[in-house]
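Residue-level listing of the chains:
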Amino acid sequence: MSDVAFYDFVREPFLKLALWVFFLGIAYRFFRVLFLGIPHDYAKPKGNPYYMAVKKIVIKPTMGWTFREIFARRAINFIGGFMFHIGFIGLTFLVPAHALLWREITGLPIPMMPNIVSDMLAYSAFGSLLVLTVHRALNPVLKLLTGKDEYFANLLIGLILFTGLLATKWAGSGYIWILSIHIFLADLLIIYIPFSRLSHFVYYFLSVGFMGWNAGKRGVSF
Amino acid sequence: MPVLSKEEIEKFYEFCKKSINTEVASYLEACVRCGICAEACLFYMGVNVSGRIDPSLTPAYKADLLREIYKENYTLFGKLKKLLGFGVRISPEDLREQVKLVFYTCTNCDRCTKACPMGIDTPKLVSIVRGALTHAGLTPKDLANATNLSIEKGSPLGVDIPTFLQRLEFISEEYEVEVPINKKPSDYLYLPSSIELMKFPSSVAAAVKVLNRTGINWTMSTVAHEATNFGLFAQSKEVTREMLRRVLEGAKELGVSYIITPECGHAYQSMRFIAPNIFPKDWTFEVLNIVEFIDRMIDKGRISIKRKVLKERTTLHDSCQIGRRGGVLRESRRILKMLAEDFQDSVLIPEHNICCGGGGGVLVIGEADQYRQKAFISKMTLFDKVEAKTVVCYCANCMLALTKGNQELGRDYRFVSIVELVAEAMEGEE
Amino acid sequence: MESLYNVFKRRGYTRRDFLKSALLIASTIGMGPSFLPQVVKALESKPKPQVLWLSFQSCLGCTQSILNSTSIVPADVLSEYISLEYHETLMFSHRSKEAMDLQKGRYVLVLEGSLPVDGGFYCTGGGRSAEEILKSLMDGAGLILALGSCASWGGIAHAEPNPTKAVAVDEILKHKRVVKLPGCPPVGDVIVSVIASFVVTGKPPEVDGEGRPRVFYGQTIHDRCYRRPFYDAGKFVGSFEGEDAQRGYCLYRMGCKGPITRNACATVRWNGGLSFPIQSGHPCFGCSEADFWDRGFIYRPLSVVEEGFSWKEALAGALIGTALGYGTAYINKKLGGG
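Chains as they are written, first to last, in the numbering used here: chain A, 1 to 222; chain B, 223 to 652; chain C, 653 to 990.
Hints in this document: simulated from the structure, not taken from any laboratory.
Mixed in with the good hints there might be a few duds.
[Claimed, not checked] With a Cα cut of at most 25 Å, we get these calculated BS3-like pairs of lysine-lysine:
no.	chain 1	residue 1	chain 2	residue 2
1	C	K855	B	K233
2	B	K626	B	K607
3	B	K522	A	K46
4	C	K986	B	K304
5	A	K44	B	K459
6	B	K240	B	K304
7	B	K559	A	K46
8	A	K46	B	K346
[Unchecked claim] If you want the footprint, here are the derived chain B segments under chain A, 3+ residues with CB under 8 Å:
no.	stretch
9	278–286
10	330–343
11	612–623
[Unchecked claim] Which residues of chain C face chain B? A few of them, derived with a C-beta cut under 10 Å, are:
no.	residue
12	T980
13	A981
14	N984
15	K985
16	L987
Since the structure is predicted, the reported quantities are computational estimates derived from the model, not experimental observations.
Glycine residues also receive a C-beta, built at the ideal position from the N, C-alpha and C atoms.
Looking at chain A on its own, in the form it has when it is part of the complex (with noise of 0.2 Å):
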């Protein structure tokens, strides 16, 4: 097989496979939650929940940066995964590339970021991706808790990572076949995504929702 012809297989029938069963996929996890229902909350709140859910939803990812002693022991975690997640939903997004990829899916006009700052994101992506790999298979805790799914999806994800670095820079004539790897794992990833533990990004909204409403019942702030 040709590199190109591989390049049209991964770019067409198996990109759009992968986006269907990515938007399946997430919104039958997502509903498939969403619709088991709660029982009715009868007592009355003491601030207001609906705000507190909004609220916490936007400004969660910071709040446990004002932990300072569990911020001192889990740096690593904290700083690693905030670039991280930058890093990778900035790539995912916002590369041209990518970006072209979204605005046609929908129909929003994203900005496209230069290469010098996705290749800022992806090195230092890349890079606390690794520190935390490494982390995740040194900390006890993140031992006993950690399963094949987490190995999986972070050797992936690097390797994503790593073909696009590659074929940004340093490819050379290998260029487009490095350009097919990364767009097959890619799409490898996007199917990944539904089936997993990635999939918490939407859950996110769920349970941070949940947590901030919970706040706003009893009255707290944090």
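Fit chains B and C to the known structure of chain A by using the hints.
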């Protein structure tokens, strides 16, 4: 521990299966295995101090069995796996481990929720596992005894109505206060907790003094004479309901519109947030914690704090169920600032405060003592951080746990009740 | 047989002109200035190549392309130098081997257009099918050039629905080394320099796995594009009119297939190094890669789903997912009793 039969494991399984709703499922699904919750857990921290890291104390791990059960009943792949015979196999050892995880080393303090990047309410999940264990008859013996006692005699410490009256008589004589009992009609019903009655009578007396000083129309009841609710610790719906029913009956009989809960964490929790869901029609009362109540009264000018009674460096210990999970955090700080000359908060944000280690019934469980003592170490770090020897509490259970830990570890902290301080500060010159 | 230098002299060009061409040939075939003496010597002494040019299912664009090649060797010199012993289009098509006095192992066989494998219905000449003609000539060739995308990959004739069952020439020449010069058409200067390099070195150029000379097809248009800095800076042309297009921003958004297209357009350029599609403001549509015509979507970015995946598809997927999720939740609620 009794020998476990298959039936009991089945009961545990079924209970877990039935307890899943959107909220629980989203918590179970959302966990990303980051393990940050471990660093927020006082038991993990405490055990860690000794250098022996026990990763199984991680809050996220406590819900893992529940997660497995959820997965094989609510997800496609889990069901498939179960069909193919790779389902969850629960051994008696697993359940014993669960007892350790949820009864011995969790106080439902909610601190991990605040640290969790996904906002997972681990106490909620732990409560389900507790409920399932109770359903399977695996409640720790001490806790089960106390729970039974509270059903039989009306109080986990065995305070029945004659003892209750006797203690009140003692208090009114000893501290020279007038205690209204079953006074009709009344606006406010004050419920003492039996821990206070038996172990900290001065605290009850102080509350009575404060209530009398405000000049409101209040009373105590012989029907609703116990604020604590051990049904919550064991997560037994029947016991919770029964205990709350007594409160409801007493309150209804006296026709009150406010219920004042004492310095007791889960009493506030149960009456403020749980009772309305158990009696959605009948529970029409406004439930106030005594701290909340005092703050209101100070606001209205009904009582005034006339002097600062604490001269030394002071810090505050928050009750998780009243504070972090009850929303009474700013009130206690406002009051304490009036009471103490040198008040230093040990945490950046009130919601960060560490639990006493004895909540959620851990205090009464003998087997959990070693963990509770370790937890006290992590609690102490906060006191030492602000170099305070005097710690103000607003929960009798916290006071008891802290005092116990203090004695066991040979420390010299002094724990005082905020209501007592208020009662003291009301007297005297401006 | 006369050499290239002889042709130059006869046509009235100076030795300086000849050396200029020799230098260009040396550099385009990747030999560098230090090899110039050797190249000059070879072009002075070696006889001009015999070229057999067979047209199959083609549009003659490739012929046009080589005739318009002017930057390496002047046109009149070129047409005399590359002795087209036989060209289907330029000469009378009698298709007879006897007309040719070929030196075995020395001649260059240039194949233009794709081959129909329908059993001798299309593209026949002198009563023989294209396949037969090709097979009769292939053994003696020193260099077989598959010229253009049709000969290299099947090209336009091979595109859907492919009525003639056209295939690339190397499908027929299974065990032969075929040097492919894909492109629609390929750059004329590339053809000239590949033939010249055969004259100089006596062997086919170094090729990649697909049979393309590495010198010209080793890099993508994207890699050598003069608009690449705009790609890196995230500056894109959004429409063919307007300021961004005039500023010469990257054409990726307009559907440029440069990133997956290997050709010499961006380096050698066309019309004597004057310009190439991207320079004139049009996106590359990847003519030198296999099945470029079937890829379609010329004016849509490379990274989108070819047949389209808009919010409608996303929503449809999400709705199906929602329905399934609702169903599962409903069943679970019934089963779980919660």
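Handout entry: Hints violated by the structure (listed by number, smallest first)
Key = Checked against the structure, the hints that fail are numbers 1 and 11, while the rest are satisfied.
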